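Each chain, letter by letter, is given below.
Number of protein chains: 2
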Amino acid sequence: MVTAVSQTRLDALIEALRRLPGVGVKSAQRMAFHLLQHDREGAEQLAEALGGALRAVHHCERCHTFTEAAICDICSDESRDARQLCVIESPADQAALERTGSYHGFYYVLMGRISPLDGIGISELGGLSMVQRALDGKVEEVILATSFTAEGEATAHVLAEGLKAQGVRVTRLARGVPAGSELEYVDLSTIAHAMVDRR
Amino acid sequence: MVTAVSQTRLDALIEALRRLPGVGVKSAQRMAFHLLQHDREGAEQLAEALGGALRAVHHCERCHTFTEAAICDICSDESRDARQLCVIESPADQAALERTGSYHGFYYVLMGRISPLDGIGISELGGLSMVQRALDGKVEEVILATSFTAEGEATAHVLAEGLKAQGVRVTRLARGVPAGSELEYVDLSTIAHAMVDRR
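Chains as they are written, first to last, in the UniProt record's numbering: chain A, 1 to 199; chain B, 1 to 199.
Be careful, since some hints might not be right.
For chains that are exact copies, the list does not tell them apart, and a pair is met inside one copy or across any two.
Said to hold, decoys possible - Restricting the straight-line Cα-Cα distance to at most 20 Å, the calculated cross-link-like pairs of lysine to any residue (SDA-like) are:
#, residue 1, residue 2
1, K138, T8
2, K164, A174
3, K26, A69
4, K164, E140
5, K138, E78
6, K164, A154
7, K26, A56
8, K138, E61
Everything labelled a hint here was simulated from the structure, so no lab data went into it.
Note that the structure is predicted; figures quoted are calculated from it, not measured.
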């Protein structure tokens, strides 16, 4: 029947959009209707961008971030300080660190964090290849810059254990009061940490 | 430079995802990383679904809803009551009405609503072809089932004016207290409407 097919194509699009993180059935419907009704050009662009990224984007052999080359931009930059390796969760975190201009070493991007509930342990994270990366003989300090959430802290803890056993110096980003904040609006756990780590 | 290209493919994907309604730069980033890292199959599926829908899905010649045939399922159903035409904003509204089982006439899907701020007037909505559809000689009653928001009400008002001038009977969905609600939690405007329309 012709219409059964029709239902299926639109439904297939809605179903595919639902696989995006944070998109439920209502949003997926709204997105599908919007694309088909108001932004067919955007839909084409998205289909092409998906295809292009799938074909070309893979992981950097050294730092595991997304790249189209074998070795990414930052890892091939010989002016960077090979003695420091900063471990982060995502390319977005890397971009944030780069924007600060406060760090000139190399990175290792975990592409996630330990999450026992989702079955993601240190080996799923490529934590072992991270440790190997840290032991290239040049790295003197590994800076753990995973999130300050329960999962990020657990990830940092596990990595720190593994690295310390290998005799590498391991540091963690400082915890404290964010710049520009008024103390009365800062959560108590942050203030407590800032008090302990005062200098 | 190789890496400049790499940046561009990932950025192109993030940019394309941002065109989805309700998706900002952070969500688009999260979606792109998720697809590339954890759900490449989902990304392929989405690219294919977009392509398939773009190629095959267009508007029904009679009711303007999405279909792959010239005339959609409902419009080709001869068992339906040709004397009633229900005007709604979207295929999702149509699906909701169909699920109630309380309506057996035909539909006209506006695919939007009047929104002066976005430059959408009655002609952009295909309101004129809607009026034509209503004047096929068989339609006796047009039921306006646009949303009960300011924009939906404006749309209903404009369509009602046009249709009444042609001598077609025009009705609107009843406004009132939703089933299952306790009066104290219903907003005052709804209660006021329910009081006026009491029966």
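Structure-based check of each hint:
1. In the homo-oligomer, the alpha carbons of K138 and T8 never lie at most 20 Å apart, since the shortest distance is 56 Å inside one protomer and 31 Å across protomers.
2. In this assembly of identical chains, K164 and A174 lie within 20 Å of each other by CA distance solely inside one copy; the values are 19 Å within and 71 Å between copies.
3. Taking the closest pair of Cα atoms, K26 and A69 never come within 20 Å of each other, the shortest separation being 38 Å inside a single copy and 25 Å across copies.
4. Taking the closest pair of Cα atoms, K164 and E140 come within 20 Å of each other only inside a single copy of the chain (11 Å); across copies the shortest separation is 82 Å, beyond that limit.
5. In this homomeric assembly, K138 and E78 come within 20 Å of each other (Cα to Cα) only inside a single copy, at 13 Å, whereas the closest approach across copies is 78 Å.
6. For the identical chains of this complex, K164 and A154 are intra-copy neighbours only, at 15 Å inside a copy versus 68 Å across copies, given an alpha-carbon limit of 20 Å.
7. For the homomeric pair K26 and A56, neither the shortest alpha-carbon distance inside one copy (32 Å) nor that between copies (22 Å) is at most 20 Å.
8. Taking CA atoms no more than 20 Å apart as the test, K138 paired with E61 passes inside one copy only; the shortest distance there is 17 Å, against 69 Å between copies.
Hints 1, 3 and 7, counting from the list given before, are not met by this structure.
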